[in-house]
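**Student:** As a plain string of letters, each chain reads:
2 protein chains.
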Amino acid sequence: MSNEKIPYKIYLEESELPKQWYNVRADMKKKPAPLLNPGTGKPVTAEELEHVFCKELVKQELDETNAYIDIPEEILSFYKMYRPSPLVRAYCLEKALGTPAKIYYKFEGNNTSGSHKLNSAIAQAYYAKQQGLKGVTTETGAGQWGTALSMACSYFGLDCQVYMVKVSYEQKPFRREVMRTYGASVTPSPSNTTEVGRKILAEFPDTNGSLGCAISEAVEAATSQEGYRYVLGSVLSQVLIHQTVIGLESKIAMDKYGIKPDMIIGCAGGGSNLGGLVSPFIGEMLRGEANYQVIAVEPASCPSLTRGKYAYDFCDTGKVCPLAKMYTLGSGFMPSPNHAGGLRYHGMSSILSELYDQGLIEARSVEQTSVFEAAEKFARVEGILPAPESSHAIRVAIDEALRCKETGEEKTILFGLTGTGYFDMYAYGAYNDGKMSDYIPTDEEIAKSLSSLPEIK
Amino acid sequence: MSNEKIPYKIYLEESELPKQWYNVRADMKKKPAPLLNPGTGKPVTAEELEHVFCKELVKQELDETNAYIDIPEEILSFYKMYRPSPLVRAYCLEKALGTPAKIYYKFEGNNTSGSHKLNSAIAQAYYAKQQGLKGVTTETGAGQWGTALSMACSYFGLDCQVYMVKVSYEQKPFRREVMRTYGASVTPSPSNTTEVGRKILAEFPDTNGSLGCAISEAVEAATSQEGYRYVLGSVLSQVLIHQTVIGLESKIAMDKYGIKPDMIIGCAGGGSNLGGLVSPFIGEMLRGEANYQVIAVEPASCPSLTRGKYAYDFCDTGKVCPLAKMYTLGSGFMPSPNHAGGLRYHGMSSILSELYDQGLIEARSVEQTSVFEAAEKFARVEGILPAPESSHAIRVAIDEALRCKETGEEKTILFGLTGTGYFDMYAYGAYNDGKMSDYIPTDEEIAKSLSSLPEIK
Numbered sequence: 010m011s012n013e014k015i016p017y018k019i020y021l022e023e024s025e026l027p028k029q030w031y032n033v034r035a036d037m038k039k040k041p042a043p044l045l046n047p048g049t050g051k052p053v054t055a056e057e058l059e060h061v062f063c064k065e066l067v068k069q070e071l072d073e074t075n076a077y078i079d080i081p082e083e084i085l086s087f088y089k090m091y092r093p094s095p096l097v098r099a100y101c102l103e104k105a106l107g108t109p110a111k112i113y114y115k116f117e118g119n120n121t122s123g124s125h126k127l128n129s130a131i132a133q134a135y136y137a138k139q140q141g142l143k144g145v146t147t148e149t150g151a152g153q154w155g156t157a158l159s160m161a162c163s164y165f166g167l168d169c170q171v172y173m174v175k176v177s178y179e180q181k182p183f184r185r186e187v188m189r190t191y192g193a194s195v196t197p198s199p200s201n202t203t204e205v206g207r208k209i210l211a212e213f214p215d216t217n218g219s220l221g222c223a224i225s226e227a228v229e230a231a232t233s234q235e236g237y238r239y240v241l242g243s244v245l246s247q248v249l250i251h252q253t254v255i256g257l258e259s260k261i262a263m264d265k266y267g268i269k270p271d272m273i274i275g276c277a278g279g280g281s282n283l284g285g286l287v288s289p290f291i292g293e294m295l296r297g298e299a300n301y302q303v304i305a306v307e308p309a310s311c312p313s314l315t316r317g318k319y320a321y322d323f324c325d326t327g328k329v330c331p332l333a334k335m336y337t338l339g340s341g342f343m344p345s346p347n348h349a350g351g352l353r354y355h356g357m358s359s360i361l362s363e364l365y366d367q368g369l370i371e372a373r374s375v376e377q378t379s380v381f382e383a384a385e386k387f388a389r390v391e392g393i394l395p396a397p398e399s400s401h402a403i404r405v406a407i408d409e410a411l412r413c414k415e416t417g418e419e420k421t422i423l424f425g426l427t428g429t430g431y432f433d434m435y436a437y438g439a440y441n442d443g444k445m446s447d448y449i450p451t452d453e454e455i456a457k458s459l460s461s462l463p464e465i466k
Numbered sequence: 010m011s012n013e014k015i016p017y018k019i020y021l022e023e024s025e026l027p028k029q030w031y032n033v034r035a036d037m038k039k040k041p042a043p044l045l046n047p048g049t050g051k052p053v054t055a056e057e058l059e060h061v062f063c064k065e066l067v068k069q070e071l072d073e074t075n076a077y078i079d080i081p082e083e084i085l086s087f088y089k090m091y092r093p094s095p096l097v098r099a100y101c102l103e104k105a106l107g108t109p110a111k112i113y114y115k116f117e118g119n120n121t122s123g124s125h126k127l128n129s130a131i132a133q134a135y136y137a138k139q140q141g142l143k144g145v146t147t148e149t150g151a152g153q154w155g156t157a158l159s160m161a162c163s164y165f166g167l168d169c170q171v172y173m174v175k176v177s178y179e180q181k182p183f184r185r186e187v188m189r190t191y192g193a194s195v196t197p198s199p200s201n202t203t204e205v206g207r208k209i210l211a212e213f214p215d216t217n218g219s220l221g222c223a224i225s226e227a228v229e230a231a232t233s234q235e236g237y238r239y240v241l242g243s244v245l246s247q248v249l250i251h252q253t254v255i256g257l258e259s260k261i262a263m264d265k266y267g268i269k270p271d272m273i274i275g276c277a278g279g280g281s282n283l284g285g286l287v288s289p290f291i292g293e294m295l296r297g298e299a300n301y302q303v304i305a306v307e308p309a310s311c312p313s314l315t316r317g318k319y320a321y322d323f324c325d326t327g328k329v330c331p332l333a334k335m336y337t338l339g340s341g342f343m344p345s346p347n348h349a350g351g352l353r354y355h356g357m358s359s360i361l362s363e364l365y366d367q368g369l370i371e372a373r374s375v376e377q378t379s380v381f382e383a384a385e386k387f388a389r390v391e392g393i394l395p396a397p398e399s400s401h402a403i404r405v406a407i408d409e410a411l412r413c414k415e416t417g418e419e420k421t422i423l424f425g426l427t428g429t430g431y432f433d434m435y436a437y438g439a440y441n442d443g444k445m446s447d448y449i450p451t452d453e454e455i456a457k458s459l460s461s462l463p464e465i466k
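As they're listed, the protein sequences go chains A and B.
Here my numbering is used: the first residue of the first sequence is 10, the next is one more, and so on.
Here my numbering is used: the first residue of the second sequence is 10, the next is one more, and so on.
Just so you know, the hints here were simulated from the structure itself, not pulled from any lab data.
Any given hint could turn out to be false.
[What the hints assert, rightly or not] Sample of chain B residues with no beta-carbon within 10 Å of chain A, all distances over it, derived:
{"id": "1", "residue": "L58"}
{"id": "2", "residue": "T121"}
{"id": "3", "residue": "R189"}
{"id": "4", "residue": "K328"}
[Stated by the list, open to error] Capping the alpha-carbon separation at 30 Å, the derived lysine-lysine pairs in BS3-like fashion look like this:
{"id": "5", "chain 1": "A", "residue 1": "K28", "chain 2": "B", "residue 2": "K104"}
{"id": "6", "chain 1": "B", "residue 1": "K269", "chain 2": "A", "residue 2": "K143"}
{"id": "7", "chain 1": "A", "residue 1": "K64", "chain 2": "A", "residue 2": "K40"}
{"id": "8", "chain 1": "A", "residue 1": "K386", "chain 2": "B", "residue 2": "K89"}
{"id": "9", "chain 1": "B", "residue 1": "K269", "chain 2": "A", "residue 2": "K18"}
{"id": "10", "chain 1": "B", "residue 1": "K138", "chain 2": "A", "residue 2": "K104"}
{"id": "11", "chain 1": "B", "residue 1": "K89", "chain 2": "A", "residue 2": "K18"}
[Stated by the list, open to error] What the simulated footprint calls covered on chain A by chain B, stretch by stretch (three residues with Cβ under 8 Å from a Cβ of chain B suffice, anywhere in the stretch; the number is not a length):
{"id": "12", "segment": "155-165"}
{"id": "13", "segment": "193-205"}
{"id": "14", "segment": "367-376"}
{"id": "15", "segment": "391-401"}
{"id": "16", "segment": "420-433"}
Every residue, glycine too, gets a C-beta built ideally from N, C-alpha and C.
Work the whole structure out from these sequences, hints included.
**Tutor:** Below, the structure written as C-alpha cells:
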C-alpha cells in the first residue's frame with residue numbers, strides 16, 4: 010500500500026483487538042534464568058511465590074511453555090474503554106526533521122493513569138479479585154503505576170494500598186490526589202507502618218526513599234495482612250506478558266497497511282513496556298521469520314544494561330524478594346536525585362536481560378538534558394507532551410531519523426510512546442529554566458554498588 | 010442496528026472527518042443581536058473589529074448567511090493528529106447506575122491541552138499566520154485555552170502572549186509550564202505591563218484577577234504592538250463555529266450506528282463547547298427535521314442563563330470590547346473564589362443566548378460538591394478523570410439516567426466530556442478532604458452586579 014494512504018493514526022476495530030497475550034519465553038531456546046529463593050539458592054516454587062503474589066499470576070510468572078495466554082473477558086471489556094491505543098504516523102516530526110525515515114509511535118498515554126501501566130494493573134487486579142482477595146499492596150515511584158493500580162482496583166472494588174517513594178510523594182501531590190480520588194490509600198516510603206520501613210528510617214532518617222525500599226514495604230504489608238497480596242508494575246515476567254498487548258496491537262495495525270519496521274525503539278526501566286512492545290516482533294526473530302533492529306534506551310544516570318552486570322541480584326533493597334538473574338547495578342544503587350522521571354530501577358526484566366545477552370536487543374544510554382530537548386521538539390510538532398521516560402525513546406528515534414537524513418535511507422522506525430508528562434511539570438520547569446543537569450555515575454560508584462551482589466550457593 | 014453491536018468507542022476514519030464547520034446562524038430565522046460599538050451604540054463594522062481580530066476571523070464572526078465554512082487543509086492536517094475524538098458508549102456507567110438509559114459521551118480530552126479548546130486555537134493561529142502576523146495575545150483562566158493556543162502557535166511559529174488570571178497563575182504552575190514548554194510567555198493578570206492592568210492594580214492591589222480583566226489586558230497588548238492581534242477561546246461566534254467539529258463528528262458517528270439522541274447535555278461557561286456540540290443538532294430542529302432536548306448546565310455560583318438578564322453588556326471588565334447582547338450577570342460579577350474550574354464568565358455566547366431565548370435550549374444550574382460527586386463516580390467506572398467543567402454535564406447526565414431508572418424510559422443521552430481534570434487536582438484534593446463548599450450568589454448580589462449594565466443609545 011502506498012504511503013499516501015497511511016492515516017495519521019491507525020486505530021483498530023474492537024473485533025481486531027488481541028484476545029491473547031504473548032509469552033516470548035515459549036519461543037526462546039535458551040530460557041531466562043529462574044528466580045531463586047534467597048535462603049536456599051534454589052529455584053522458587055509456585056507455592057513459595059503464592060505467599061506474596063496471586064495464584065494465577067504466579068502461574069504466568071513461571072510459565073515458559075505456553076506462547077499465548079487467553080485474556081479474560083472482564084479484562085477485554087476494560088481494555089475496550091481505553092484501547093486500542095493509536096499507532097501514530099509522525100508526519101509532522103518527519104517534516105520538522107527533514108528525514109526520509111518513516112516514523113511511527115504507539116501512544117499509550119490516552120488514559121487517566123497517563124501510561125501503559127494500566128494494561129497490567131487491570132490484569133493483576135482482576136486475578137486478585139478472582140482469588141477472593143480483599144486488596145493488594147504495591148509501591149510506586151513517579152506515580153504512574155500507583156495511579157493505574159488504583160483505577161483498576163476501584164473498578165473491581167478492591168482495597169489498594171500504595172507505598173510511594175517519599176520524594177515523589179512530596180514532589181507529585183497531584184498524582185497522590187488522583188490515587189485518592191480512585192479510593193487508594195497512599196503512604197510515603199520509607200514509613201513507620203512496616204518493620205523494614207522503620208529499620209531504613211532509623212539508619213537513614215533523611216532518605217528520599219527508593220523504589221527498592223518501597224517494594225520491601227509493600228511486600229511486608231501484603232504478607233502481614235489477611236487477604237492481601239503484593240502486585241508489581243514492572244520487572245516481573247507476568248507484567249511483560251500483559252504489556253504485549255502493546256506490541257500485538259502495533260503488529261496488527263502495521264500489518265493492515267503492509268508496514269514493516271526496520272527498527273523498534275523503547276525506553277527501558279524495569280523493562281516491561283519495552284518487552285511488551287518488542288516481544289511479538291522478537292518472537293518472529295526467534296522463529297526465524299523476520300529480522301528487526303531492537304533498541305533499549307536507558308538513562309545514562311541509571312545504566313543497568315549498558316554498564317551493569319548480568320548476575321543474580323536482589324530485586325529490592327530490603328532483600329525480601331526472590332533473586333533474579335538480570336543486568337543490574339546492584340540493589341543498593343541510588344540514581345542521582347537530579348534524575349527526573351522513572352527508569353531509576355537498579356535491575357532489568359530477566360526476559361529482556363536474557364534477550365539482550367543473546368544479542369537480540371541492543372542498548373543505548375542517553376543523558377537527561379538531551380532527552381528533554383527531544384521531548385520539547387516532539388511536543389511542539391506532534392502535539393503531545395511526552396513523559397520524561399518515554400522521551401528517552403524519542404531521543405534515539407530522532408537521532409536515528411537524522412542519521413537516515415545523512416545516509417538517505419528510508420528506514421521505518423517504530424517507537425513506544427509510553428505516556429504523557431502532565432505530572433512531570435517540575436522537571437519540565439527545571440528544563441525551561443535551564444536548571445536541569447546531567448549526571449553519569451563513575452566506574453567506582455558502579456563497582457562499589459556491584460560489590461554487594463549476593464553469592465549464590 | 011442492535012445495541013450489542015455498538016462498540017465502547019466509535020472512531021471515524023480520516024476520510025469520514027468533517028471538512029466544513031457549521032454556522033447555525035444561517036438556519037436561524039431570528040438572528041442573534043449584532044455586536045455594538047460601545048462608543049456609538051451602532052453595530053460594529055468589520056473594519057472596526059479588524060483592529061483587534063484577524064481579518065478572516067472577523068468575516069466568520071459577522072457571517073450570518075453561510076451555513077458551511079470550509080476547513081482549510083492545514084487545519085484539517087492538524088486535526089488529524091488528535092481527532093476524531095472518540096464517541097464513547099458509557100457501558101460501565103450505565104451498569105453502575107442500573108439505568109435503562111443509553112449514555113454516550115464525546116470525549117475531547119485526549120490531547121495535551123486537555124480539552125476541546127485546541128479545535129479553535131489551531132484555527133485562530135492558522136488565520137493569524139495567513140495574515141502575516143508576528144503573534145497573538147490572549148487571556149486564560151484555568152489555563153486550558155492558553156495551553157491550547159500555545160500549542161497551536163508553536164505549530165505555526167507564531168509568538169504567543171498569554172495573560173493568565175492571577176489566582177490560576179499561582180495555583181496552576183503546571184499549566185504555566187506546559188505553556189512555556191510550547192514557547193509561550195505567560196503573565197499573571199492584572200499586571201503592570203498594560204495601562205488597564207495598572208489601573209486595576211491601583212484600585213484593587215490584592216485582587217485575584219478575573220477573566221474579564223485578563224481579556225482587557227490582552228486586547229490592549231494586541232492593539233499596542235505592531236503585527237499582533239487578539240484571540241479568544243470562547244464566547245465569540247467564530248469560536249463556536251470552530252467547535253462545531255465536535256457536534257458534526259458526533260452526528261456522523263451516531264448516524265453510522267443509527268443512534269438518535271433524545272437528550273444532549275453540555276456544560277456552559279462562555280458557551281462555545283456547548284454550542285459546538287449542539288448546533289448541528291439544533292440546525293436540524295431549526296429546519297424542522299428532528300427534535301432534541303438540549304440542556305445547558307452551568308454552575309450555581311455563576312448562573313448567567315438561569316438567573317442572568319438577556320441584555321447588551323460589556324464582554325470585559327475594562328470595557329474595551331464591543332457590547333454583546335447575551336444572558337449576563339453584569340460584567341462586574343465576580344464568582345466566589347471557592348468556585349473550582351472554569352465556567353466563571355459573567356456572560357454567554359450571543360448565539361446560545363438567542364437559542365435559549367427562543368426556547369430551543371433549556372438550562373440548569375448545579376452546585377459544586379454534587380458536581381465533584383458525579384466526577385468521582387464517573388472517574389471510577391469510566392476510567393477518565395474529568396475536568397470540573399465537564400463534570401457539570403456528567404452531573405445532569407447521571408441525574409437524567411437515574412430519572413430513566415425510575416420511569417423505565419430507555420432514553421438515549423449524549424453529553425459533551427470536554428476535558429480531563431489532570432491540572433485540577435487542588436480542587437479534587439479539597440473534595441477528597443471534605444473541604445469543598447458550595448456558594449450561591451444572593452438575589453441582591455446579582456441585582457447589584459446587573460445594575461451596571463450599559464445604556465444603549
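**Student:** Which of the listed hints are not met by the structure?
**Tutor:** Those not satisfied are hints 2, 3, 6, 13 and 14.
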